[in-house]
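**Student:** Generate the whole structure from the sequences, applying the supplied hints.
Chain order of the listed sequences is A and V.
Taken in order, the first sequence gives residues 3 to 426; the numbers are from my numbering.
Taken in order, the second sequence gives residues 3 to 426; the numbers are from my numbering.
Treat the hints as calculated values from the structure; they're not laboratory data.
Fair warning: this is a prediction, and the values are worked out from it, not measured in the lab.
Note that CB positions come from ideal geometry on N, CA and C, so glycine has one too.
Please note that a few of the clues may not be correct.
[Said to hold, decoys possible] Pair by pair, the computed Cβ-Cβ distance ranges are:
1) A/83 / V/147: 50 to 58 Å
2) V/407 / A/99: 19 to 27 Å
3) V/81 / A/147: 51 to 59 Å
[Stated by the list, open to error] To be clear about the criterion: a stretch of chain V counts as covered by chain A if any three or more of its residues have a C-beta under 8 Å from a C-beta of chain A, and this derived list gives those stretches:
4) 171–181
5) 330–338
6) 344–351
7) 401–407
8) 412–419
Protein chains: 2
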Amino acid sequence: MKQEKADFLGIPSFSSAAPGRGQVATPERWLMRQLLRSLGDPPIRVRFWDGAEMEPVPGAARTTVVIHDRMALWRLLRHPMLHFGDDYSLGRIDVEGDLVEFLDTVFRHRPRARVSSPTRRQLLERLQRVHRNTLRGSRENIHHHYDIGNDFYRLWLDHEMQYTCAYFPDPTMTLEAAQLAKLDHVCRKLQLKPGETVVEAGCGWGGLARHMARYYGVKVKAYNISTEQVAYARERAAQEGLADRIEYVLDDYRTITGKYDAFVSVGMLEHVGAEHYHELGGVIDRALKPNGRGLIHSIGQNQAQPMTAWAERRIFPGAYPPTLREMMLIFEPYNFSVLDVENLRLHYARTLEHWLQRYDAHEAEVERMFDAPFVRAWRLYLASSIASFTSGKLQLFQVLFARAQHNALPWSRAHLYDNEQHKR
Amino acid sequence: MKQEKADFLGIPSFSSAAPGRGQVATPERWLMRQLLRSLGDPPIRVRFWDGAEMEPVPGAARTTVVIHDRMALWRLLRHPMLHFGDDYSLGRIDVEGDLVEFLDTVFRHRPRARVSSPTRRQLLERLQRVHRNTLRGSRENIHHHYDIGNDFYRLWLDHEMQYTCAYFPDPTMTLEAAQLAKLDHVCRKLQLKPGETVVEAGCGWGGLARHMARYYGVKVKAYNISTEQVAYARERAAQEGLADRIEYVLDDYRTITGKYDAFVSVGMLEHVGAEHYHELGGVIDRALKPNGRGLIHSIGQNQAQPMTAWAERRIFPGAYPPTLREMMLIFEPYNFSVLDVENLRLHYARTLEHWLQRYDAHEAEVERMFDAPFVRAWRLYLASSIASFTSGKLQLFQVLFARAQHNALPWSRAHLYDNEQHKR
Chain A
3 MKQEKADFLG IPSFSSAAPG RGQVATPERW LMRQLLRSLG DPPIRVRFWD
53 GAEMEPVPGA ARTTVVIHDR MALWRLLRHP MLHFGDDYSL GRIDVEGDLV
103 EFLDTVFRHR PRARVSSPTR RQLLERLQRV HRNTLRGSRE NIHHHYDIGN
153 DFYRLWLDHE MQYTCAYFPD PTMTLEAAQL AKLDHVCRKL QLKPGETVVE
203 AGCGWGGLAR HMARYYGVKV KAYNISTEQV AYARERAAQE GLADRIEYVL
253 DDYRTITGKY DAFVSVGMLE HVGAEHYHEL GGVIDRALKP NGRGLIHSIG
303 QNQAQPMTAW AERRIFPGAY PPTLREMMLI FEPYNFSVLD VENLRLHYAR
353 TLEHWLQRYD AHEAEVERMF DAPFVRAWRL YLASSIASFT SGKLQLFQVL
403 FARAQHNALP WSRAHLYDNE QHKR
Chain V
3 MKQEKADFLG IPSFSSAAPG RGQVATPERW LMRQLLRSLG DPPIRVRFWD
53 GAEMEPVPGA ARTTVVIHDR MALWRLLRHP MLHFGDDYSL GRIDVEGDLV
103 EFLDTVFRHR PRARVSSPTR RQLLERLQRV HRNTLRGSRE NIHHHYDIGN
153 DFYRLWLDHE MQYTCAYFPD PTMTLEAAQL AKLDHVCRKL QLKPGETVVE
203 AGCGWGGLAR HMARYYGVKV KAYNISTEQV AYARERAAQE GLADRIEYVL
253 DDYRTITGKY DAFVSVGMLE HVGAEHYHEL GGVIDRALKP NGRGLIHSIG
303 QNQAQPMTAW AERRIFPGAY PPTLREMMLI FEPYNFSVLD VENLRLHYAR
353 TLEHWLQRYD AHEAEVERMF DAPFVRAWRL YLASSIASFT SGKLQLFQVL
403 FARAQHNALP WSRAHLYDNE QHKR
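**Tutor:** Structure (structure tokens):
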């Protein structure tokens with residue numbers, strides 16, 4: 003079991019018997035300084051295995067990255083975006099001080115990307131080729147992340163198993179309350195009315211579909227290619243007496259058929275790939291009635307950059323957070339009007355803080371389910387996601403849209419904030 | 003005076019002594035049918051000078067376009083997007099029934115544009131070459147529209163001389179109330195605090211600057227290249243005791259200097275030209291403090307298409323309503339985070355309905371100021387603008403943004419809708 007899961011993360015194992023100790027050499031220090039410079043000289047400390055230290059901004063560091071052996075150093079120098087993650091997972095690199103603060107500091111100091119760099123574009127294309135989101139590629143990519151066990155996700159997600167950004171109109175809310183607030187926020191934006199039909203692309207464990215069917219009186223057809231998630235979703239809908247109002251379909255969004263009053267997709271676009279946005283737009287165009295509304299909720303970014311190699315390889319194969327500009331490739335060809343875009347970046351940071359706290363509280367169980375590298379890898383993934391949102395590296399866009407000629411629009415967005423009206 | 007203003011619109015005069023009457027010929031009817039087909043066969047009626055009629059959808063027409071002579075017909079067939087407007091202005095083409103309804107019907111039936119058509123792109127580029135928004139070109143373009151006389155605009159704008167989309171949270175509001183609501187909506191989105199500094203690009207007659215200085219306690223530096231508008235704005239600020247808090251600068255937005263807590267631009271982007279968005283982003287990047295916020299309010303569209311030739315030539319030289327995708331060219335290179343996009347399309351239709359009503363009530367005065375073709379041209383411009391917004395041909399985007407690392411964000415947009423808090 004342990005071995006299988008270690009394979010699953012795909013980190014190549016190599017002897018952890020410390021190779022080539024001795025003192026850190028002058029050329030090694032010089033190369034590390036170049037690396038720090040390329041990162042914009044963040045105020046962190048580097049400590050080598052021999053106790054030697056280095057600080058780009060002397061006296062300013064509150065966190066320290068510890069490199070435990072020479073091989074980890076050379077791997078880091080060669081491909082920092084991949085090997086920091088791998089060697090952190092294997093325990094050959096450590097961080098002293100708060101992990102989130104360390105990552106936030108590093109992300110915050112990174113020089114601004116040059117948007118149209120051809121190198122970056124090529125890199126992006128190369129990455130996307132590796133884990134292409136063809137019908138089959140998508141199944142493999144989604145299986146990698148979402149089918150590692152409902153029991154694992156249950157340890158640290160909320161009761162509705164929402165594995166997407168919650169909505170904290172009050173930042174002191176519990177995670178449970180904020181996830182319900184998110185579900186309501188989405189439903190209100192879509193102005194769902196009893197008796198309407200909704201198609202959902204990428205339904206996770208089915209929580210939004212249950213919420214819409216239960217509280218908004220709609221019929222939902224919800225698509226997902228994760229077998230574990232769909233099994234869970236079907237079982238829960240049956241238990242909760244919602245099976246007659248929700249049909250969970252184990253299939254790709256590209257196979258959606260029928261006409262609906264609303265299209266909704268929360269947290270799927272990250273797995274679609276920019277090269278398929280035109281196709282996704284076509285699916286929506288086919289599925290929406292003339293007065294239909296649509297909402298896409300997705301992680302995004304300000305500038306087109308590939309995910310870090312480590313996250314793309316070990317955590318989310320085939321994933322890519324689009325820019326708003328790229329998202330428009332879904333809407334423009336079909337003359338959809340974008341009605342409302344809300345950026346919930348800091349809400350995702352807050353959501354992830356809750357997840358990380360719960361995750362850490364269940365560390366021992368996670369290690370029993372998997373192994374120590376898995377525990378560290380997922381901690382790094384959750385922590386670096388927090389830092390990505392707090393440092394503005396990632397965004398969270400909720401985009402509401404409708405057909406260009408749909409004029410039955412509310413005169414303001416006040417209805418989203420009228421809590422009296424929406425009390426259950 | 004009259005002659006000068008007729009020259010001003012730039013419609014080439016030609017003899018209005020009816021050239022070549024007689025019956026409409028079969029080839030002429032055939033060509034007109036082709037034109038109607040290319041427009042998607044809208045349910046309108048065409049009546050020729052000899053009384054003959056044509057209906058793409060028999061019995062469905064509620065409005066009729068009347069072509070008074072053969073030359074108007076041939077001009078229309080040759081370049082409908084230019085000559086419909088010109089010959090309507092000259093009274094050689096009429097519309098029976100409601101003008102807005104006629105235009106809405108035509109716009110609504112137009113086949114969906116193919117987004118990436120190279121022909122369209124070329125056309126767009128050609129148009130933009132004619133009225134390039136260089137520093138000098140912009141001055142000429144802006145002078146053409148905005149310097150035709152404050153007295154003229156005073157006839158049909160509100161007291162604050164807001165010549166941009168109002169905000170009607172209640173659609174029965176007066177225009178005056180809706181324009182104030184717009185000003186507040188913008189200020190609230192920007193979260194202006196007393197003592198802060200604001201730079202405004204394209205300030206019109208200075209109403210937003212006055213509103214911000216008076217009710218939000220900020221200092222404003224407002225740029226505009228329309229001499230008549232700036233003269234008016236300065237005078238009014240002096241009269242109202244706001245001159246110490248507002249500096250109106252008669253200069254191009256590209257010359258903005260200094261650092262500000264907020265950048266705002268309402269209704270200027272339409273005149274910037276997509277080829278200058280990168281430059282505009284650079285101006286904003288230079289002007290905004292680290293915790294600064296920005297808002298751009300602009301007419302937009304779902305698909306990149308040039309303005310109709312008539313509007314671009316006679317009404318708004320150099321103007322172009324961007325898609326959201328194009329607007330991102332302002333923000334992406336500088337790593338700005340888009341926080342909120344609101345589409346106020348139907349609010350602009352409502353605003354224009356108010357303007358048209360007031361305009362029509364002052365028809366005699368407008369004709370005294372200018373001449374009959376001017377009266378008809380501007381009526382067509384206002385009516386076709388209404389129809390553009392009701393048919394979804396045009397959008398109105400309010401885009402709020404900030405630097406990527408600015409984390410002092412409100413946890414929800416409820417503060418925009420909390421009317422108790424904002425009562426004056």
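**Student:** Which hints, by number, does the structure contradict?
**Tutor:** none
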